[in-house]
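> Input sequences plus hints: build the corresponding full structure.
Protein chains in written order, with the numbering used here: chain A, 29 to 410; chain B, 29 to 410.
Keep in mind that the hints were calculated from the coordinates and are not lab data. Worth double-checking, as some hints may not be accurate.
Which copy? The list can't say, so a pair holds if one copy fits it or any two copies do.
[Said to hold, decoys possible] Below are the BS3-like pairs computed for lysine-lysine, each with C-alpha atoms no more than 25 angstroms apart in a straight line:
1) K296 x K336
2) K410 x K159
3) K410 x K225
Just so it is clear, the structure is predicted and the values come from calculations on it, not from any experiment.
Protein chains: 2
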Amino acid sequence: MRIIVAGGDGFCGWPTALYLSKQGHEVSIVDNLVRRKIDDELRSNSVTPIATLEERVAKWKELTGKEIKTFVGDLNHYDFLAEVFKQTEPDAFVHFAEQRSAPYSMIDREHAVYTQSNNVIGNLNVLYAIKEFAPECHLIKLGTMGEYGTPNIDIEEGYLEIEHNGRKDKLPYPKQPGSFYHLSKVHDSHNIMFACKIWGIRATDLNQGVVYGLHTDETEMDPILANRLDYDGVYGTALNRFIIQAATGHDLTVYGTGGQTRAFLNIKDTVRCVEIAAENPADKGEFRVFNQFTEYFSVQDLAEKVQKVAGETGLETEVSHIDNPRVELEQHYYHAVNTKLRDLGLEPNLLTDEVIKGILTAALNHKDRVIKENVLPSISWK
Amino acid sequence: MRIIVAGGDGFCGWPTALYLSKQGHEVSIVDNLVRRKIDDELRSNSVTPIATLEERVAKWKELTGKEIKTFVGDLNHYDFLAEVFKQTEPDAFVHFAEQRSAPYSMIDREHAVYTQSNNVIGNLNVLYAIKEFAPECHLIKLGTMGEYGTPNIDIEEGYLEIEHNGRKDKLPYPKQPGSFYHLSKVHDSHNIMFACKIWGIRATDLNQGVVYGLHTDETEMDPILANRLDYDGVYGTALNRFIIQAATGHDLTVYGTGGQTRAFLNIKDTVRCVEIAAENPADKGEFRVFNQFTEYFSVQDLAEKVQKVAGETGLETEVSHIDNPRVELEQHYYHAVNTKLRDLGLEPNLLTDEVIKGILTAALNHKDRVIKENVLPSISWK
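Okay, structure coming up:
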């Protein structure tokens, strides 16, 4: 299958590109490399040293004989995107190429505008490019479980059967996103649903949980193939951030009471879920939503898990509670359905002590790279 | 009350600005005059001749002694918007300043991108300006009944009580908008709801039906104050378009079977609804949704009403059916709630034969201005 991985230089995109390439697919990466530039802007870095995209794909070719084409450019530049479609004739377009940090989108007006404009218009361009150049191409779009917020009813996969005043309909699941970033994904979902309806586009929206982990079998083959690992208050996600705090002797800082429950999955499952979606494309005109996570935990649970494993490794850490920079419920109902990917064959990598230990080991190997003043949150929702 | 009317040079904004000024409010108009430029782009015009904004407000001052300040500029330019907020210190911000034609947004990719970027980012800027310069200012935002689409259940005002698997919640009403324009309003609604939650902004989303009519008591005071009247396939809305077709001896062209049912209101009720919202502001942090319409009709019903009144005036017209350029259901359930504005005192101007005759008379007075090749739809959803 000819597959474009947009955002293929990023934390989820890079391992996905390698995995799909290894499975024998003809993979092209599209990326504007902005995530690397944001490291400069925020004076931040990945704990793991990461090679340039050029070095990465060259090493991959050297080790496997497989070629990954690269197109460095921006989805917001339609001429560029059109050229990519003409040259690659994709069967699937995997779309990771969005600004994906909630705190980054909340820095100030300019960052909110950048996030929504970049994500929404970039995605609109992808829809038009599919319509114009590859109408059979399957759009596999990364959404987020954060689109749903924390309703007091069960979260279904994209749609909800509603009975109201004696009548019934199956409607898009109501969305209550919690940042300008999460909102951008909700906007995308609505735009894609409409494009499927009017143009017959095939699309799968992967409402992904919080991703943890670092290595996949492919990124572990050589240090040049290593994946990035974020730990800072802007791009670091809960579990990875706690592990790096443990590795550097920092308290594990839980926002508020820590009762916030979120859906999680291992980066190894991210790459497999994308493969499953690609191998089982949506029908013509279908807008399909998969909830892409394997387990859910409260933030407090996660911190305690990390504390335990770190303790067994001889690292004493404290779980401390800091003012929550976000506006969110700290105690709430949470039950979300995730059966569609399981039905198609996903076998989850669950969050075992072994998994936490693996990430902790990688963090300890590079702990001298951690910029300590970046660890605590500096961006407030208010 | 100090009120900004953004989009105050347009079809709804101009009569609203006059009406609020007449009621004694201190009104400022903000407008980038783009609707006039779009007339040039589309080689289109208003059936009624319209004066410049400068002439309009000068005449208003001459007739009433009341001053309406004008700020010509774009909500997408934040420095400009910030300056407007600093100079006016608004108690209410009435936001009509969006690209408001569904067909225009469907012309091609560039028009879709323009519509979503202009509307969503402009509105984001307004939210940030309120937060930064006027945190108590009440945002009165024009949404559309088209945000809801045509679900098979009753349409409520913004929220829906849902019972699911034995649990209950009140959630944002699921949205199924039918064009990139309608989608932009859905994106706005989600962004505003979030801003209310995190910053305590007061907002009322007026989900307005299709507006018909032309005159208000104020715009009738002098030809220089006349409102615009669109009839073309891009900006003309159903009822007004039928009336102008009748006035110019054109068949009344119903899209498809004409079973599409939509909510309508008279422009005289638009201005009153905005006043009601302004006089009864939302609470701090409240995101309130009013469905702003008075009646609903199928498109076929409307055509037949116009045919009847035109016939009584001696104008013989045929109702013809043309291919539907839109992708939409032509037969569907439609029942929408609109009690909140009524409860606050709205007394509807219903669609009587007299009302149709009034618009028809205005159209006949200016029928030589109609550019006939603009009447039929030229933009397809596919």
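> Indicate, hint by hint, whether the structure satisfies it.
Here is what the structure says about each hint:
no., hint, result
1, K296 x K336, "within (23 angstroms within a copy, 68 angstroms between copies)"
2, K410 x K159, "between (40 angstroms within a copy, 10 angstroms between copies)"
3, K410 x K225, "between (38 angstroms within a copy, 10 angstroms between copies)"
Checked against the numbered hints given earlier, this structure breaks none of them.
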